[in-house]
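Residue numbers (our numbering), protein chains in the order written: chain A, 1 to 299; chain B, 1 to 598.
If you are wondering where the hints come from, they were derived from the structure by calculation, not from laboratory data.
It is possible that some hints are incorrect.
[Unchecked claim] Some, not all, of what chain B presents toward chain A, calculated at C-beta under 8 Å: (1) L99; (2) R425; (3) R426; (4) E437; (5) N440; (6) I443; (7) A505; (8) L536.
[Unchecked claim] Distance windows between CB atoms, simulated: (9) A/N182 with B/T182: 26 to 36 Å; (10) B/A483 with A/L212: 14 to 24 Å; (11) A/L185 with B/G26: 46 to 56 Å; (12) A/L185 with B/T182: 28 to 38 Å; (13) B/G473 with A/T162: 52 to 62 Å.
[Claimed, not checked] Here are some chain A residues the structure puts well away from chain B; computed CB gaps all over 10 Å: (14) T37; (15) S45; (16) I66; (17) A69; (18) L72; (19) A122; (20) M199; (21) V209.
A virtual CB, placed ideally from N, CA and C, is assigned to each residue, including glycine.
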Amino acid sequence: MAFSTRVPAMSEQIATAGGMAAAPFARWLGWISQRSTLVTGLVISGLILFIGFAAPFLYHVDPYAIHPAHALEAPSWAFPFGTDELGRDELALLLSGGFATLVVALPAAILAFVVGVTYGLASGLAPAWVDRLMMRLLDAVLALPSLIILIFFASLVTLNNTSLILLLGFISWPGLARLVRNETLAQRGRDFVLAAEQMGAGRVYVARVHLLRVMAPVLVVNGTFMVGDSVFALSALSFLGLGVQPPQVSWGSLLESALDIIALDPWWLILPPGLLVFGSLLAASLTGQGLLQRWGNNR
Amino acid sequence: MSAVLDIKNLSVSLPRGGRNVAILDGLNLTVKAGEMLALVGESGSGKTIASLSVMGLLPKKAKREGEIWLGETNLLTLQEPAMRRVRGRDVGMVFQNPLAALNPSRTVASQIQEAWLVHKGGSTRAARARALELLGEVGIPDPAKRLDDYPHQFSGGMRQRVMIAMALACSPKLLIADEPTTGLDPLIARQIMALIARLRRELDMGVLFVTHDLSVVEEHADAVHVLYAGKSVEWGAAKAFFDHPRHPYSEALLGSVARVGQARLQNIPGNLPEPETRPPGCRFAPRCAYHQPQCDAAYPPALRDGGTAAACLFPLPLTDRITYAETLEKPTGRNFASQLEVRDLQVRYAGNSGWFGGKTKLPPSLSEIAFSLGRGECLGVVGESGSGKSTLGRAVLQMIPYEGHVLLNGEDFSPLRGAAKRTQRRRIQVVFQDPRESMNPRIKIGDIIAEPLRLKRGISRAEERRQVETLLGRVGLNKEMAALLPGGVSGGQAQRIAIARALAAEPELIVLDEPTSSLDVSTQAMLLNLLKDLALEQALSYILISHDFAVVSYMADRIAVLNAGRIVEMNDTAKLIRAPQHSYTAALIGAAPQLHRL
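Isolated chain A, as found in the complex (with noise of 0.2 Å):
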């Protein structure tokens, strides 16, 4: 009716563009209360970058130094974050798995991410015996309880940054592949794909120049979503000892050595660690959602 189909005029935009000039902090503070899922992921995204990325320039201890005097302490002002039962500095145990955790998981999602966009659009704009053929694959591989590949295939190979790349990036696909594939389908009967065609556009420039454009919403939302999934099942293989491999730590690794020792109640090792990946799933949820909500509804 009148009021949803009605486009603003230029007239109401410079409006209200206007208006923000006016009262410059009321308008900040209402743009952040209504984007706070989106502003509280970004934030806590950005601490985690930072404790991966920048806090190793900041804190210089050795993370492998190893004091024996010390072992297993609580946090005091000699170690902030206490010791392991080796007497390592637990801070600097923490930044320096940090930095090993994102180092693998970022790359591994983009990887993911590359490769799920590109299938499902090629599977999308394919012949249709071809688009059922590659969709059927994508059954089989989405069958398989990713975890249990992963752990096979982590048992057969030499563990090292690389192969975990394409070990998570390989396992991580499969749902935005679909998902793409999807919403390809979906697209390239609309009106404005069908006159790129009359013109002579090709399935490349299509994808390239239509569909990417209509879909970076849904791409940008679950390739945030990707790295939370990444950071996250890093941390479950790290756990069970099949991610980084010693003597270089990561999260989960940390949160693991702390489990063998748990009878002894060592909080200061436990909680961190877990906080950190639960964090990162947090981050990459949150801002995706808040993307949701600033994009869902203007398709």
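Starting from the structure of chain A, add chain B where the hints point.
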């Protein structure tokens, strides 16, 4: 006759961009028992806001002032619970899209009964008897058998009849019909109009008929009330209005309705002003052909020296009726050099294919289609929805697989592959019904128009820019528009942009698939005139697909009538109108607005 609905000085404002913006301004109108009043206006005129105000269905933030008397009750003083009792009992409503308004998972009987049970109570059996009676009344054949059918089992026109039956369940005093025939095929739309007109007399019920299309109400309305930019411009008895419209806007609106046999549609230059930028004086003044300096001072008072009242300082004289130049003498049998040839075309959509590849065979959507089209010629294709007319366009455009042959400049499409096919396809362009749907909402207008240029390659950015500006100028838009996104322009402008994009591909033939049916009447007139001028300028050929016979007859040199996938009749426009050979053609012509019905 007593007044059923009496609206006094109704104003509605909505908060927009931090301010309260008046959408509707001092509306006064009366609907008497047994009378049909047509509330006419283009989109943005405030007509839907007016009808929603009566039903109390405006968003909560909307502010209403004035009085709305329904019999002895002022509806504006009622709280929501009391209003809910009025809705459906005293006021019935029929909307545009019956499929969206009906619950797909419940039988029509249960939905018609609902209104009765909610307001009158009593037994389900009595309510069911009432539902049966109503279905018969709205002209559903064999109503007893159809009571337990679901909405999807009815056709579009029948669904609208079911909606009307629902609205009538409690014998309301007032029926509000908001564009009830928009989106229906013309033959069906006429039947629905006739049904509403008959029911209002039989039930002595007032009807507020909200529409953007004057031609729909011409036959049945008793009174007309025209809104423009939130203000009443002319109102009064329908006969007087159609004989001698006094307000220049009414005249322009009547002149822009395509009628069978019309020479030139009247353009209304410019756009409807946004609520924030409405001029202080007469709101139509900036677009008015008779504009005088006095018009800009204040909103003109209503002048009542004729059959209607018009808010205009310089109303049109009562002496002459509006005249439309006729073109039934259009030069026919022009010799066109052959450009497109379609031979023995057949299209058959595959049914659901199962897991094991078994495809169900469906009856063909098109069969035995053959015609040729000359350079610079416009072929009109008319037919109801489902007749296959859009399929025909898509086959010519090579968008769908077909059997048979389509030849452009003597070259058959079917053996062509790859680049050769793409080059050949480019020569045929398309303009779709919904201009917004035909543009990627995230791409700027300048880039949209440049798309065909880019796909052709080998054009510098500066040359591309220059061409885009030229194209914008040719469709009557200014070049600043290139920087906007499609969401920021009106429907008529968007359709011009779609035409500019089609022209950028330098086509020889453009398939126009219902190019104006999503647009307001005055916008439609402008667009049709533009297409006509473009065709003359550069010997463009068109295949114009439309369900609107008047639009097709205005544009086309020749008309093909499509029914159930076959061409039942094809002839020069003038000959076809004068002497239709097929009964179906005659019915289509009868349903279209005519020059001489006035």
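Consistency of the hints with the structure:
1. With a cut of 8 Å, the hint placing B/L99 at the interface with chain A is violated, because the nearest CB-to-CB distance is about 16 Å.
2. A least Cβ separation of about 6 Å between B/R425 and chain A falls short of the 8 Å threshold, and the interface hint therefore holds.
3. Satisfaction of the interface hint for B/R426 is found here, the shortest Cβ-Cβ separation to chain A being roughly 5 Å, below the 8 Å cut-off.
4. Proximity of B/E437 to chain A holds as hinted, the smallest CB-CB distance being about 5 Å (cut-off 8 Å).
5. Proximity of B/N440 to chain A holds as hinted, the smallest CB-CB distance being about 5 Å (cut-off 8 Å).
6. For B/I443, the suggested interface contact is upheld, since its CB lies about 7 Å from the closest CB of chain A, less than 8 Å.
7. Evaluation of the B/A505 hint against chain A yields a held restraint, the C-beta minimum of about 5 Å falling below 8 Å.
8. Hint status for B/L536: violated, given a least beta-carbon distance of 24 Å to chain A, over 8 Å.
9. Taking the beta carbon of each, A/N182 and B/T182 are about 32 Å apart, inside 26 to 36 Å as hinted.
10. Distance hint for B/A483 and A/L212: a CB-CB separation of about 22 Å, consistent with the stated range 14 to 24 Å.
11. In this structure the hint that A/L185 and B/G26 lie 46 to 56 Å apart at CB holds, the actual value being about 51 Å.
12. Judged by the Cβ atoms, the range 28 to 38 Å given for A/L185 and B/T182 holds: they are separated by roughly 30 Å.
13. The beta-carbon spacing between B/G473 and A/T162, approximately 57 Å, falls within the hinted interval of 52 to 62 Å.
14. Every Cβ of chain B is farther than 10 Å from the Cβ of A/T37; the closest lies at roughly 23 Å, confirming the non-interface assignment.
15. Non-interface status of A/S45 relative to chain B is upheld: no Cβ of that chain comes within 10 Å, the nearest being about 25 Å off.
16. With a least CB separation of 57 Å from chain B, A/I66 remains clear of the 10 Å interface cut-off, as annotated.
17. The claim that A/A69 is not at the interface with chain B holds, since no C-beta of that chain comes within 10 Å of its own (minimum 63 Å).
18. Distance to chain B confirms A/L72 as a non-interface residue, since its nearest Cβ pair spans about 57 Å, more than 10 Å.
19. The Cβ of A/A122 sits about 19 Å from the closest Cβ of chain B, beyond the 10 Å cut-off, so the non-interface label holds.
20. The beta carbon of A/M199 sits about 4 Å from the closest Cβ of chain B, which is not more than 10 Å, so the claim that it is off the interface is violated.
21. Not every CB of chain B lies more than 10 Å from the CB of A/V209, the least distance being 8 Å, so the non-interface label is violated.
Hints 1, 8, 20, 21, counting from the list given before, are not met by this structure.
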